[in-house]
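Counting in the numbering used here, the sequence shown runs from 17 upward without gaps.
No wet-lab data here; the hints were simulated from the structure. Owing to the predicted nature of the structure, the values given are computational and were not obtained by experimental measurement. Every residue gets a Cβ at the ideal spot worked out from N, C-alpha and C, and that includes glycine. Treat each hint with caution, since some may be false.
[What the hints assert, rightly or not] FRET-style restraints, in silico, Cβ to Cβ: (1) Asn-268 x Ser-170: 41 to 49 Å; (2) Asn-325 x Lys-379: 16 to 24 Å; (3) Pro-372 x Asp-216: 25 to 33 Å; (4) Pro-89 x Val-56: 26 to 34 Å; (5) Lys-214 x Ser-131: 34 to 42 Å; (6) Asn-268 x Gln-414: 36 to 44 Å; (7) Lys-379 x Gly-86: 52 to 60 Å; (8) Gln-440 x Lys-294: 30 to 38 Å.
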Amino acid sequence: MGLAACGGSYNGGSGASGSGSGSSSAQGGDGSPLKVNMAVAPGTLDPASGCGVNDLSIIGNLYSRLTQYGSKPGPDGTTEVDPAAIKPYAAESWTIGDAGKTYTFKLRPGAKFPSGKPVDANAVKYSFERTLTMNGCGGYFLHDGLLDPPLIKSIEAKDPTTVVFKLSQADHNALQAWAQPAASIVDPSVVEAHGGVKKDSVNQYMAGHAAGAGAYVVESYEPNKSIVLTANPDYVGPGKPASKTIRIDFVNSDPTLLLQAKSGDADITIGLSKQSAKSLEGAGNVRVVANDTPLSEQIGLPNTKAPFNNRDFREALTLALPYQQIVDKAAFGYGRLFSGPLQPVFPDYDPSIGGPPQTDPAKAKQLIAQSGVKTPVTIQMVVQEGNSADQQIATIAQGEWRKLGVDVKIRNLPASEYISGLQQHKYQSYVRLDGPGVIDAGYYLGYDMLCKVGFNLSEVCIPEADKLAARARNETDAAKRKQLYDQISKLWLADFPKIQVYADKNVTVLSKRVKSFFYSHEPDFRTWSK
17 MGLAACGGSY
27 NGGSGASGSG
37 SGSSSAQGGD
47 GSPLKVNMAV
57 APGTLDPASG
67 CGVNDLSIIG
77 NLYSRLTQYG
87 SKPGPDGTTE
97 VDPAAIKPYA
107 AESWTIGDAG
117 KTYTFKLRPG
127 AKFPSGKPVD
137 ANAVKYSFER
147 TLTMNGCGGY
157 FLHDGLLDPP
167 LIKSIEAKDP
177 TTVVFKLSQA
187 DHNALQAWAQ
197 PAASIVDPSV
207 VEAHGGVKKD
217 SVNQYMAGHA
227 AGAGAYVVES
237 YEPNKSIVLT
247 ANPDYVGPGK
257 PASKTIRIDF
267 VNSDPTLLLQ
277 AKSGDADITI
287 GLSKQSAKSL
297 EGAGNVRVVA
307 NDTPLSEQIG
317 LPNTKAPFNN
327 RDFREALTLA
337 LPYQQIVDKA
347 AFGYGRLFSG
357 PLQPVFPDYD
367 PSIGGPPQTD
377 PAKAKQLIAQ
387 SGVKTPVTIQ
397 MVVQEGNSAD
407 QQIATIAQGE
417 WRKLGVDVKI
427 RNLPASEYIS
437 GLQQHKYQSY
447 VRLDGPGVID
457 AGYYLGYDML
467 CKVGFNLSEV
477 CIPEADKLAA
487 RARNETDAAK
497 RKQLYDQISK
507 LWLADFPKIQ
517 VYADKNVTVL
527 SKRVKSFFYS
537 HEPDFRTWSK
């Protein structure tokens, strides 16, 4: 699941994209490109297929979309994403009618693809319909997770600069859903010349090439090694690229990432382990920037599986954990304590409801006795191999719960077995870093909380909360919508359906040369510069 609520894999394509041009010179004071190191390479460059954050981190910069996220001040002189503010991008403006079920966008005039073809209403219609026809991860984003019935009923290119969306229901979050990389506007002429659109099928060419009109074009691309981006000379839109050339190397060795960040060889380092990032704090030549994310470390307690079908038992386990100790040991301090169904980065999160969790071992013992669950009891907990944070959390839980008569058997699984087993609801309990790509309560709870939804890995089922969630998805008044989510949060907290251990912080290392950095959970390079 991760940021996208589903996983992605590389679908083919290699070599230079042929979609960009330009030299390798940059605007930096030393005449060199902005050098970025990323720990994980993208699996695809196709916005219709991209799912995980590693795909979206590149795709989003090669294409424009109708809307975009706003920004706000971030830590240490940086800026960061503001999920509460959705701004114009390829669209200059929009109007909403028909009680929230009709969206009419006016596009910026003069925008064109590198092929010379216009970025017009027909291209928008083609792009959305392409993604929906391919039926990959992107379609879930475009429908904002509302699939029964599908959110988008029809798309009309009314004239070259006007596109009209008809929806099956009002959805206050449609504008954020269409800010996702999945909603990128592709050049129909390029797609049709290279395989076209096939139902329920990926496009192998588009997996390794770009066909967008975003701030950057691809100069060269070696999958799993590097990608060089140059500023699009024909870019029309807000946020002109601050760096002329960006070179991104995909480095999967944490010691190498650390060495190159520490030496200053890399201007921006993404994906460095928290332990390594901690070692750089206070170093004079780098800044370690930590940002709130929509992800959280969670202990899943599938509510249909004994003994987790007992609410008092779940509360006892929740109260037994030393949360600050876990943040310090597992996240090296890069975490934020909270409770409830929504991470603090969500606009509808209320700290007066979802503040730091309580630790009360004495009450935990009372609840175990009250629950009627006969102890000692043995439970199995799965973690993914190689995930040190999840392993640390599981080990601490094992030690604390043993005091309650609960014996935790930790099982380390390869990534493929771990993920497939979770999706099939095979495991009794698990530890997982999880959260959405769309920072909206309705989108997230729509797969993480609703009864009998496959992605609801903890098998949460609070019927009253489901009814409130359905009302909230259609509520266009922000104040009324927040009241509904507050009620849901209180119901969720009273039920103890799973354990929110801490909200994860993303750590980025910036060299002293970096003058401007904007953090987004879906990286946006436009303002990055040195």
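Hint check:
Distance hint check: the CB atoms of Asn-268 and Ser-170 are about 44 Å apart, consistent with the given range 41 to 49 Å. The given range of 16 to 24 Å is respected by Asn-325 and Lys-379, whose C-beta atoms sit roughly 21 Å from each other. The hinted window of 25 to 33 Å between Pro-372 and Asp-216 is violated, with their beta carbons roughly 45 Å apart. At roughly 28 Å, the beta carbons of Pro-89 and Val-56 sit within the given window of 26 to 34 Å.
In this structure the supplied range 34 to 42 Å is violated for Lys-214 paired with Ser-131, their Cβ-Cβ distance being about 21 Å. For Asn-268 and Gln-414, the hinted distance range of 36 to 44 Å is not satisfied, since their beta carbons lie about 30 Å from each other. Roughly 43 Å separates the CB atoms of Lys-379 and Gly-86, a value that falls outside the hinted 52 to 60 Å. A beta carbon spacing of about 36 Å between Gln-440 and Lys-294 agrees with the range 30 to 38 Å that was offered as a hint.
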